[in-house]
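Colleague: Sequence:
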Amino acid sequence: MQLLPGLYVVGGSLMGLTGSQVKGPFDECNVYALDLGSEIVLIDAGVGDSWPQILEIMNQWGLGSRKISTVLITHPHYDHAQGAHFLQKIGIKLIAHKYTAEVMAKADERCCGFLYHREFTPVSVDCILEDNQQFSVGQLAVQSIYLPGHTLGCTGFLVSWMGRRLLFSGDVIGTLGYGHFGWNGSIDFDKKLYLQSLLKLLKIDFDVMLPGHGLGTYKNPRERVEVSVNEALMTWR
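Just so we're aligned: 91 in the UniProt record's numbering is position 91 of the sequence shown, and the numbers increase by one with no gaps anywhere.
No lab work stands behind these hints, which were simulated from the structure alone.
Only a predicted model underlies this, so the values are computations on that prediction, with no experimental measurement involved.
Any given hint might turn out to be false.
[What the hints assert, rightly or not] Here are the simulated lysine-lysine pairs, DSSO-like style, with alpha carbons at most 30 Å apart:
hint, residue 1, residue 2
1, Lys67, Lys89
2, Lys219, Lys106
3, Lys106, Lys89
4, Lys98, Lys203
5, Lys106, Lys191
6, Lys192, Lys219
7, Lys106, Lys203
8, Lys98, Lys191
9, Lys192, Lys203
10, Lys219, Lys200
11, Lys203, Lys219
12, Lys93, Lys106
13, Lys191, Lys203
14, Lys67, Lys203
15, Lys67, Lys98
16, Lys192, Lys98
17, Lys192, Lys67
18, Lys219, Lys191
19, Lys67, Lys93
20, Lys67, Lys106
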């Protein structure tokens, strides 16, 4: 599904794009593709077994002949990161925050494989990020924004694209279109840090918010964050 010129969502069960044999309370995340021309950058790696479907979708959009160079991982949960080991095997570079990288290497319960009755496959991230680190993938400038709470590794990725500032927010904002935060059952969930991360989002300038599940927000994404802050305050205090 094309979202903007050169920006696609190529995987995701809530988007009705891909289905997985892995069944759990949360199915596959959104997998986004940015077409840089000479290379393609993905955001998140999905559950892994749906990659034939994702590649078919990419082929339908004329992306299949171009090289996927890099995957940015928002956090280490199974539905977002299990596919990373497969992608690395075919030469794709993995980039993630240092906490996410640690969890993916250890493949422990923080990956939440138990939700899917599967074991997470350990993988070593190629490029490890700090908070607010600016880096480039080809001609694409990216800023990492550390947003712990849903997990302690949650990271958003901010890019400028077609005159808009896009935030790939992972599961910091939940699946509903308005006033909803991500799942709070993770072993390393931290509601104090989560609230701080939501407040941090209010100080960041972005035009489009692209979450880890469900529909993005293309108009007034700040309002969606504000309502989530209010929901968190009422729920967690």
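Colleague: Does each hint hold? Answer for all of them.
Modeller: Cross-check of the supplied hints:
1. Lys67 x Lys89: Holds, at roughly 14 Å.
2. Lys219 x Lys106: 39 Å, violated
3. Lys106 x Lys89: Holds, because 18 Å separates the two Cα atoms, which is no more than 30 Å.
4. Lys98 x Lys203: Roughly 23 Å between the alpha carbons, so the hint for Lys98 and Lys203 holds.
5. Lys106 x Lys191: 24 Å, holds
6. Lys192 x Lys219: 28 Å, holds
7. Lys106 x Lys203: 33 Å, violated
8. Lys98 x Lys191: 20 Å, holds
9. Lys192 x Lys203: 18 Å, holds
10. Lys219 x Lys200: Given that 30 Å is the threshold and the Cα spacing comes to 19 Å, the pair holds.
11. Lys203 x Lys219: It holds: about 17 Å lies between the C-alpha atoms, which stays within 30 Å.
12. Lys93 x Lys106: Satisfied, since the Cα-Cα distance of roughly 19 Å is no more than 30 Å.
13. Lys191 x Lys203: 19 Å, holds
14. Lys67 x Lys203: Not OK: Lys67 and Lys203 at ~35 Å, beyond 30 Å, violated.
15. Lys67 x Lys98: 26 Å, holds
16. Lys192 x Lys98: 20 Å, holds
17. Lys192 x Lys67: At roughly 41 Å apart (the allowed maximum being 30 Å), Lys67 and Lys192 break the hint.
18. Lys219 x Lys191: Holds: Lys219 and Lys191 sit about 27 Å apart, inside 30 Å.
19. Lys67 x Lys93: 11 Å, holds
20. Lys67 x Lys106: Holds, at roughly 29 Å.
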